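**Q** Using the hints provided, position chain B relative to the given structure of chain A.
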Amino acid sequence: MSKLTTAPNIADPDGFYAELLALHEGRNKAESDAVNARLILVLANHIGDREVLREAFATAANDA
Amino acid sequence: MKKIFEVSLYPYQRSTDQDAEAPVRHPVVVVGAGPIGLGAAIDLAQQDVPVVVIDDNDKVSFGSRAICFAKRPLEILDRLGCGDAFVDKGVVWDTGKVFFDERQVYQFNLLPEEGHKRPAFINLQQYYFEEYLVDRVRELQAEGKPIELRGGNKVLSVDPQDDHAGLLIETPDGTYRMEADWLIACDGAGSPIRGMMGLDFVGRVFQDNFLIADVIMEADFPTERWFWFDPPFNRSQSALLHKQPDNVWRIDLQLGWNIDKAEEQKHENVVPRLKAMLGEDVKFELEWVSIYTFQCRRMEKFRHGRVIFAGDAAHQVSPFGARGANSGLQDTDNLCWKLKLIMDGKAPESLLDSYDMERIHGADENILNSSRSTDFITPKSEISRVFRDAVLDLSENVDFARPLVNSGRLSVPCVYDGSPLNGPDAAGMPSRTRPGAPAADAPLADGWLIDALGDRFQLLAIDTEAPADFEVDGIAVETMRISTADIPTRDLRDRYLGDAGAAVYLMRPDQHVAARWETFDRAAVDAALRTAIGRA
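For the record, the sequence lines run as chains A and B.
Counting in the working numbering, the first sequence runs from 125 upward without gaps.
Counting in the working numbering, the second sequence runs from 5 upward without gaps.
Only chain B is shown next, with the shape it has when bound in the complex:
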């Protein structure tokens, strides 16, 4: 049977653009049909923005690659209309174990908070992730939404102009030209678009190699994340075991810097390593093997006129903490509503400066966390190894050392503190829902808060009065009245009211809090909305 990543999902088809006299202009072209590019395209198409996605390939990701998806991206997928497929297939986990040498030193539970629709994490192979997004594209096409997916289309050159970007594209039928009012580059860490534009991508290179092996086995390892420091089967290095759907297990073995990559990837060399780890008798089949090195770096700016970078094309982190694809989805979550308002003439183009500001803030947070994890996992000097081992030694018996153990700080959504789009905050309300924060989910009387949010500006009037839907400068604001007395749990009260008796929240289309007050005041809401769209 063919694996999903061997199937051509969007084979090349000749487009009428290729026969046009002059280059056809599209409102938005997305380069790259990976998780981020497809996410961006679905987001825009749902809002009726015509979008063309081009990719030089026509298949989903080869091998599992990104496997760990956090709650916030799952909520974004819900907003994109397809979260169930991912969560139904994914493996939910919340326990992690840390081993040092031959012993288990520490066990943690992510202790997922109750009262959220989505789990803290699921594991799912990137190829399924992309397949489900392609399914969603097909669904939108069937509904008549303006979204097109062109496989076998490779960008040869990009010509950035003040009001558009020109593209020269190579296909099996030869080359053609196309133009985009807006070009979103989601073409990965090696971004050809970034290279063609001569843009920098600086940061830190980590001198290390990791072997990833996906093995299929019927094994009774529990659904937990196991991380080894200096285990007998991989001396002086680290190792990771993590479960994916279909009895596929991700194994990650640190190899060090001076290795022969070609040799190490050969199955006859990989298999003995895995047997040393899993035991001689465990029967397994290798699905995918790869060796990677990594860097932590980002572009200086993500927006360059009409060309906007998102995901790995804009920033790259180590895999520890699952901060790659998870943060990329948050990029386009941040971008698409802004782009839509600008294209509709309802917000100034300068609103996009806030995309740079907010997502660079997110990227820096991820780079910091991921660099720190890497420094712990692969000590860079003798003394840093001594301290690392001291932490691990102590963690077995002394509580205080456990928070110092860093096998990856798992992705949490970034709060856009200090963003120019943030409006006023109100005293006494919970910090977690302050302006700039993503909505904290909570059960309503019927359903989930997170499902009621997104894709438009909304006013949450909690235990207080607010007028029905209204408009500010042609932008619709939908009012949602919530009475906490109707909700059996305290979650919404704890997460949105705190010490306050009532609250009014202005929510952005990306489900982030724009501003909040104790009572409704029309002038204050108008001002906050103008701030949130970059007009103030």
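Here chain A stands alone, though its shape is the one from the complex:
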């Protein structure tokens, strides 16, 4: 059974998406890449559960 939440789970999806884009506003590619990498690490640590993380990797890689 999948442990990763794949059903919609974010309130106000449009608002969230706008905040995500705002995070990158005014940054060049290298700066954005760095922010993304830090973000992935911060979120991954918050999740912590290796099984959930592996499922998330697979989902992101489109081979779930």
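Read the hints as simulated data drawn from the structure, not as lab findings.
This structure is a prediction, so every number in the text was calculated from the model and none was measured.
A few of these clues could be false.
Cβ pair distances, simulated, as ranges [unchecked claim]:
1) A:146 <-> B:66: 55 to 61 Å
2) B:502 <-> A:134: 43 to 49 Å
3) A:143 <-> B:106: 30 to 36 Å
4) B:202 <-> A:148: 54 to 60 Å
5) B:424 <-> A:156: 39 to 45 Å
6) A:183 <-> B:236: 36 to 42 Å
7) B:163 <-> A:172: 55 to 61 Å
8) A:156 <-> B:106: 19 to 25 Å
9) A:134 <-> B:385: 26 to 32 Å
10) B:224 <-> A:143: 46 to 52 Å
11) B:492 <-> A:143: 31 to 37 Å
12) A:183 <-> B:163: 39 to 45 Å
13) A:152 <-> B:224: 38 to 44 Å
Ideal Cβ positions, reconstructed from N, Cα and C, are used throughout, including at glycine.
**A** Below, chain B without anything else, positioned relative to chain A:
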């Protein structure tokens, strides 16, 4: 004054073997008088196994090379009767600092646990390490132990047979032949013996070069391990500064792949690099400069009939984590007691299969850790660099990122989980002393537990009864009764009893746990001992 590594310590001398009609057969011949070969020879000679060590050289290692020695190898050196010399000379350290770009992002303390005779780490030049082992060889010779060290003896060919190995050896006086019931090849990463036998040594090559410089300076850098990622003085690369005895400092500078090695090693090119790092005004003298590349690889099997490989000859790792010499000493620690039992006819030759199994397990653990460190230190793609830098950036302010920083995971002894030599475990006892684990040291009422262990099978009866010394199939088992009430600290209780009220441990001659129970049962101990010598 001559440096120790310029002194001929065991110059060539003609051996009577060279005048014999037929090749002389020796019980054990060790090829290579480095840290591992000398360690093996001392171990065997202490147990009265005649051993001849041959080396084409007659000096200790040129340059400092391996400098970082962990607690477990120091305990092995204690068992070999010479640990004090190393620890007295070595530099003890426990603080590491990590720098990224121009700032310090992170500081760690190895937090050495209390209640151990030996420190977590010492730094000591390999040439001292080898010198002290040669001193120990001389001491054993003076006691009449059967150990011989032949310098200027180079193996030209090896002829492996079912019950021995033949050797053709070149000396300044010409060639001679010799035979060994058992041949232990400790002839380094480039092992000529391995090459002569056509054995594979596969793994991963890392496309990078590192400049090592040992400098002698009167500097007030603290006794800490400093590691830089992407510092201003070595852009996009890494750097390491670590203290050794005699005001010698190890400096390690990553150079990248496409460099001219000969040019980079020239002192006129090395000195400006070091000045950029240390400051223009710091006065230093270069003791040794070398450029190395590295690989992580191992042999498929370490034992090939009567030829057994140990140390770098059998497995090679990157230097990050100090897992080379440290793991090599654990190889021969594992090997020598087994060989002795087999030579005495007390254990089947198949016991050596467990050497392969246990030490390949150790080698794989080291290769995994060392490869991961290397991937962190030298990112192999743009995205891996982005993640690496993200970890370092975060580590300055956010705790969770610090365990992800990998400037080398320092050597810890391997637990032989799943080994066929392991006997039963008992519920409720601490995981760290489970069957397969090396003994965890602890203070006794008088002295240290680790000093009371080794070189024979032993039964530790902690807060319980067990009969005095006995024999199983001709193998002596020595009983050691310990009452935790007599010991002022809780360490032994915490490390060996846990939730149990009492414990009986069967210890192997290499100080590893073979089996443990809550109470003594003769039949169970007999069975576990047979398992531990490969008879079950």
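**Q** Work down the list of hints and note, for each, if the structure agrees.
**A** Going down the list of hints, with the structure as the test:
no.: 1; hint: A:146 <-> B:66: 55 to 61 Å; result: holds, 60 Å
no.: 2; hint: B:502 <-> A:134: 43 to 49 Å; result: holds, 46 Å
no.: 3; hint: A:143 <-> B:106: 30 to 36 Å; result: holds, 32 Å
no.: 4; hint: B:202 <-> A:148: 54 to 60 Å; result: holds, 57 Å
no.: 5; hint: B:424 <-> A:156: 39 to 45 Å; result: violated, 54 Å
no.: 6; hint: A:183 <-> B:236: 36 to 42 Å; result: holds, 41 Å
no.: 7; hint: B:163 <-> A:172: 55 to 61 Å; result: holds, 58 Å
no.: 8; hint: A:156 <-> B:106: 19 to 25 Å; result: holds, 23 Å
no.: 9; hint: A:134 <-> B:385: 26 to 32 Å; result: holds, 31 Å
no.: 10; hint: B:224 <-> A:143: 46 to 52 Å; result: holds, 49 Å
no.: 11; hint: B:492 <-> A:143: 31 to 37 Å; result: violated, 60 Å
no.: 12; hint: A:183 <-> B:163: 39 to 45 Å; result: violated, 59 Å
no.: 13; hint: A:152 <-> B:224: 38 to 44 Å; result: holds, 42 Å
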